[in-house]
Amino acid sequence: MNDDHIEIEDCVIEENNTHSIDSLRQKAVLKRQTTLDAFFSNEPNRKVFISDKLIRRKAKNNRMSITITHSVISKSKLKSRKSFGSVVEEVHHGGNGKGSSDDWARMSGVMKKAKMKAERTTLEKYVEIDPHSTHCTSSRKVMGFIYICKIPICSTLKKTLQLAVKSMRCNEDMYPDLNNRNISDVVLVSINSISSETSPTPYPAVCSDPTYGWNFGKKYVRLPYSICNMINGTARYDIIQTAISKLLKPLKTYKQIEVPITDWFFHECIRSYSRTTNFAALGQLFEAVLNETLRVEYLTTVVPFMAKLALQSPSLITQPIPILRRGNFGSVTISQHQAASLLAHAFFCTFPNRNIVSNELPSVNFCRLFSLHSANVVEKLRCLMHYFHMISKKMPTGLLTIRRQNSSAPNWSSMHLPLSELYVSHKGTIEDDGYGMLQVDFANEFIGGGVLSSGCVQEEIRFLICPEMIVSMILCERMHHNEAIVICGAEQFSDYDGYGSSFRWRPMKKMHSFPRDRFNRLCCELVAIDALPFSNKHEQFNIDLIDRELLKAYVGFTVNNGTMKPVATGNWGCGVFGGDLHLKSLIQLMASSAQKRCLYYFTFGDRKFAENFTEIYKILVQANITVGQLYEIIKDYCSEYDENSSPLLFEYISWKIKESTACQ
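574 is the number that UniProt numbering gives to position 574 of the sequence shown; each next residue is one higher, with no gaps.
Hint data in this document are derived by calculation from the structure and do not stem from the laboratory.
Glycine included, every Cβ here is placed at the ideal spot set by N, Cα and C.
Please note: incorrect hints may appear among the correct ones.
[Claimed, not checked] In silico EDC-like pairs for lysine to aspartate or glutamate, Cα to Cα no more than 16 Å straight-line:
1. K658 to E615
2. K656 to E632
3. K537 to D580
[Stated by the list, open to error] Here are the computed distance ranges between Cβ atoms for each label pair:
4. A205 to R504: 39 to 49 Å
5. V289 to S193: 35 to 45 Å
6. L417 to S501: 35 to 45 Å
7. Y499 to S208: 39 to 49 Å
8. T301 to N232: 32 to 42 Å
Please build the complete structure, drawing on both the sequences and the hints.
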């Protein structure tokens, strides 16, 4: 093509277009027809290849037809641009044969719709979607560039974008396959008894080890009802049973909850590992927060139900529960009924001192929570009591799997993989909009963080609205740098407003009806990865520390069963941990790309950062930057970093790419 011509790619003419196309003297090399049916059909796009004439055809249901052409015209025709109709992209060629971004023409909305479907069979391949927005951003390669612009979204296309995100969601069986599990994957129920109607039966049917592995040191969870749980020659569980049995009958006051705990447990049990005698938060909940109807129901129905749950534990859990220890790969699968009984014991503060066994295990008794005075602690108790209230009405029948995984670091510099697809939204939340995806828990190295004390940020809130996740604290030791913990099947029972000190419990308007896999695990998969804390934000621009964060995210995003489920994440490690938004977002993009997962990123209301992240992603994709190349750019940034003069990371990357392009 000589300098007197330009190329117009994918020109679209609608059925009802009033513009004339006579002045478009065509030298067509390819024309391709599609219709809006392609937005809604799973069938491959219909394509017609011709040389000279336009094809117009009515779409089904009288939707407009769109013709896509690829044309070469003379520059002189640009002077009569209005006669073109919908000119999509213009790339002027100078003597060097290279295009200039200054020469790009604005696309039309109609053109964009067709372009998004013209060469890709799935819409999300072309569109970076914010399903809550009235605009979308898409990209199209033009003569070596990628042209990206924002266009208004009509109601039909907006629904299509939402469908595109929906199509990414995956509700396939989660890992591990309980029928083909490893020896390190322990299941506490009979698989043959799994049913959506009733809770599965325990496995084995009768306990064969009443010690529950007590004498195996760090290998098993020390349970309250082990016959080895002794105090002064007396079985501690005899004392526990006597105390909790007093709560089986309807109560008149919340102080009857305290009496068994303080009079029996504190003097005989808790004294050996806790000095807690303060029940301020529990008192405030029952005396000042709950209305009379709910207070009566909790005292007469819910607390007795919890007592019964705790006393049922020995018949519900009939084998030792392995601790998921550091450095080991394995999983534990239990029923939601079994999980509830363990949580009831945690509420009644019956778990023995865990520090005797391992200082790598978090505390799981609720005694600390009962004693605190802040408003959000009372709201935490509302979440937990609401959970017991809900399951007292109907016990869920599903399973939970908690697994620990680890990996070694790849060679980031030599990784030639392209960047995964990225979707950025300033609206929505991981738990509400990330269903069918691998959801990221911004974790503490001790999983659960401060959920049972004063902490109330992303991880703690997730554990409060999904209390079954607290069971992971019973099982899991502190995470090492190359480890992650995954929780499958935990159900959400509450909603919330606020964050931190403003956190408030809210009832769910409607319980989620997410699908379950063939083992009756709710198709909700959460991965806990702990970021490094930085008191000085400048410290994190160290390549060794970046390598650690990359490894942590890489391990968390590991694909175990071949299912490339998208990752739903956000500002990981960027709150109280002091992480840099630019750096942490790119780390997660690189890790998801290394695992060949696309990334759905929630900025939690930060519209500006959503725009910035989207923009730098476009620049990276335009330049065909690989994971390894991005790593090297970040490495250069770290070596040149000066806390007083360095630009922001996104700005540096943009400059670096422009500099590289100019030198080519």
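So, going through the hints one by one against the coordinates:
1. K658 to E615: The hint holds at about 14 Å.
2. K656 to E632: 11 Å, holds
3. K537 to D580: 7 Å, holds
4. A205 to R504: 39 to 49 Å: 44 Å, holds
5. V289 to S193: 35 to 45 Å: Since the Cβ atoms of V289 and S193 sit about 40 Å apart, the hinted range of 35 to 45 Å holds.
6. L417 to S501: 35 to 45 Å: Cβ of L417 to Cβ of S501: about 42 Å, so the range 35 to 45 Å holds.
7. Y499 to S208: 39 to 49 Å: Hint holds: Cβ distance 47 Å, inside 39 to 49 Å.
8. T301 to N232: 32 to 42 Å: Cβ of T301 to Cβ of N232: about 36 Å, so the range 32 to 42 Å holds.
In this structure, every one of the numbered hints holds.
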